[in-house]
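Asks: Each chain, written out:
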Amino acid sequence: MRNDKHLDDRLSGYLDGELSSSEAAALERELAADPNLRQLRDDLLTLRGELKSLPTQRPSADFSDRVMAAVSSTQAVEPAVKVTIPARAGKKPLPGWATFAMGMAASAAVMLIALTLFQGNDRPHGVVAVAPRADEKDLARQNKAEGEGDQQFVPNAIGEQVALADDVPQIADVLRKGREQAGVVHVLRLQMGINQLRGGSLDKALLSQKFTVSGALDRPELAPHVALAYRGLPQARLIAGHESDRRPLAEIVYLDLPADRLDETLTALAAAGGSAGKIAPEVRLAKTPMLIEVASAGRHSDAVHGEAGRNSEAKSSDVPSTSENATRPLAIRIGAKQIKKALGESVQEGEFATPSDDEVDVLLFVRILAQ
Amino acid sequence: VTDVQRDDAELIHAARQGNQAAFGQLVVKYQDRLFNAVAYVAGNRQEAEDVVQEAFVQAFVKLSSFGGDSQFFTWLYRIAFNAAVSRRRKKREVASVDMAREVKGDEPLDASEGASERMLREERAACIRAALASLSEEHRAILVLREMEGHDYDAIAEILDLPVGTVRSRLHRARLQMRELLEQTMLGKAE
Chain P
1 MRNDKHLDDR LSGYLDGELS SSEAAALERE LAADPNLRQL RDDLLTLRGE LKSLPTQRPS
61 ADFSDRVMAA VSSTQAVEPA VKVTIPARAG KKPLPGWATF AMGMAASAAV MLIALTLFQG
121 NDRPHGVVAV APRADEKDLA RQNKAEGEGD QQFVPNAIGE QVALADDVPQ IADVLRKGRE
181 QAGVVHVLRL QMGINQLRGG SLDKALLSQK FTVSGALDRP ELAPHVALAY RGLPQARLIA
241 GHESDRRPLA EIVYLDLPAD RLDETLTALA AAGGSAGKIA PEVRLAKTPM LIEVASAGRH
301 SDAVHGEAGR NSEAKSSDVP STSENATRPL AIRIGAKQIK KALGESVQEG EFATPSDDEV
361 DVLLFVRILA Q
Chain W
1001 VTDVQRDDAE LIHAARQGNQ AAFGQLVVKY QDRLFNAVAY VAGNRQEAED VVQEAFVQAF
1061 VKLSSFGGDS QFFTWLYRIA FNAAVSRRRK KREVASVDMA REVKGDEPLD ASEGASERML
1121 REERAACIRA ALASLSEEHR AILVLREMEG HDYDAIAEIL DLPVGTVRSR LHRARLQMRE
1181 LLEQTMLGKA E
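Going line by line, the protein sequences match chains P and W.
Counting with our numbering, you get residues 1 to 371 for the letters of the first sequence.
Counting with our numbering, you get residues 1001 to 1191 for the letters of the second sequence.
Pulled out of the complex, with its shape left as it was, chain P reads as follows (with noise of 0.2 Å):
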């Protein structure tokens, strides 16, 4: 094989129409003086005539209906505003993307929605903020209506790290504003240590704000409904993480949340973490009947408390029955390895074992509840 580097990506070149005719007439010359880089040719082009010759793969024949399906599932996300953080007063704000990366490795609490693409040498070349663009009209009529003024609900960011004491709170302002809009739900991330989450704490947490707790693992028939919600929900994949600093995802909990009960649950539910617990930097609105759906099959099932096998200390008997108020607050936890199989992927042998120290990720759906 030569070794000329210049040269082989020359002949690259040559294979494919890219070389000018001048260069391509030089290396003809060369191709006729040396046989084994006629060789080299032959095997190159010999190469490109069986990878085409692969068969064609299709997808599924109902495929573009699931597309369509996930689509109307979205909605139109106003993109590609490059990051502003606005800064608090008083408050420096982020000077850039190093910033970010680092409050995102120590778990800080930046609210920020952010795209993350990465070029093939895994360099992130761009950080975006998405806002909701169609559900800002809507909110900015109602608010409107509701004697507002002209305020608008854009629940797009609030930029800069701050304590979780201050957090909690700003996290609830933003949802609050949000409530009332029919089928919309916000996506949050609860960061949490494995030992905690396995030693009971957010179940803890949930009872100690009287939901009503509903797992999966009791009522597996509405795995399928979440998983589908969150496959064709991309504002949760986002957040869930495919991005590489992302912590694993442990399971999904969709919140039916009372707005006056916000701030307190927030607070519960950032306690449950421990010492690494924190509501996510993230906040997302999306729209998902299915998630609605399945908030309604919950509330029509048998009060159930955790998932089996999770050491919990909470009695059951310290649920409150369901179904009697419309406003009583439920959770619905899936764990990952139910999403995975509702989802039709395969779950690797020891896959969700993860090291005790490990922190993972608890995605919240939360629609609240109007008074």
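Keep in mind the hints are simulated off the structure, nothing from the lab.
The structure presented is a predicted model; accordingly, all values stated were derived computationally and were not measured.
Glycine included, every Cβ here is placed at the ideal spot set by N, Cα and C.
Be aware that a few hints might be false.
[What the hints assert, rightly or not] DSS-like mimics (lysine-lysine), calculated; alpha carbons at most 30 Å apart, straight line:
id: 1; chain 1: P; residue 1: K204; chain 2: P; residue 2: K341
id: 2; chain 1: P; residue 1: K340; chain 2: W; residue 2: K1062
id: 3; chain 1: W; residue 1: K1029; chain 2: W; residue 2: K1062
id: 4; chain 1: P; residue 1: K204; chain 2: P; residue 2: K337
id: 5; chain 1: P; residue 1: K52; chain 2: W; residue 2: K1029
id: 6; chain 1: P; residue 1: K52; chain 2: P; residue 2: K204
[Said to hold, decoys possible] Stretches of chain W that chain P covers, calculated by requiring three or more beta carbons in the stretch to come under 8 Å of a beta carbon on chain P:
id: 7; stretch: 1022-1031
id: 8; stretch: 1041-1054
id: 9; stretch: 1057-1063
id: 10; stretch: 1120-1128
id: 11; stretch: 1148-1156
id: 12; stretch: 1174-1187
Given chain P, work out where chain W should sit, using these hints.
Replies: Quick look at chain W alone, frame taken from chain P:
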């Protein structure tokens, strides 16, 4: 401006006005080709369907940011390949080992072909698929885009966000690697 670009521009315009059916036409128009490319890069059909679906949803969500400087199809590829890379990075699992087993495709049988010729051809195709699956993802992606999809260097550079010069050198390394893998495979079979 080609007819394809003009047709796409009309559909994109309609989709931006809220016409989901117009976007549906773009999905139907491009899903097969995009799926085929992603399936060979990702290494299994389920993953490819997830990636392509995610790409279409992202494309719909970000449609207003499509400037029309490149072809819609190229832009769509870029979204899909970014999604595939991100998903793979997250999963950290080598799905490609399943490729040779899972990817059977829809290849029609040639009735005039004898059984032994067909076996030889299928064996060779299996070797090609196995070699392709053994490549690094970046080499596999660039080979699929060039050799199977026929994109030129400018389009590949845009899809993979690489300088054009890097496209040529990476493509050449991918070809040499593939050739070497095939030689090893054939030698292994001969022994």
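Asks: Check each numbered hint from earlier against the structure, then list the numbers of those it violates in ascending order.
Replies: 6
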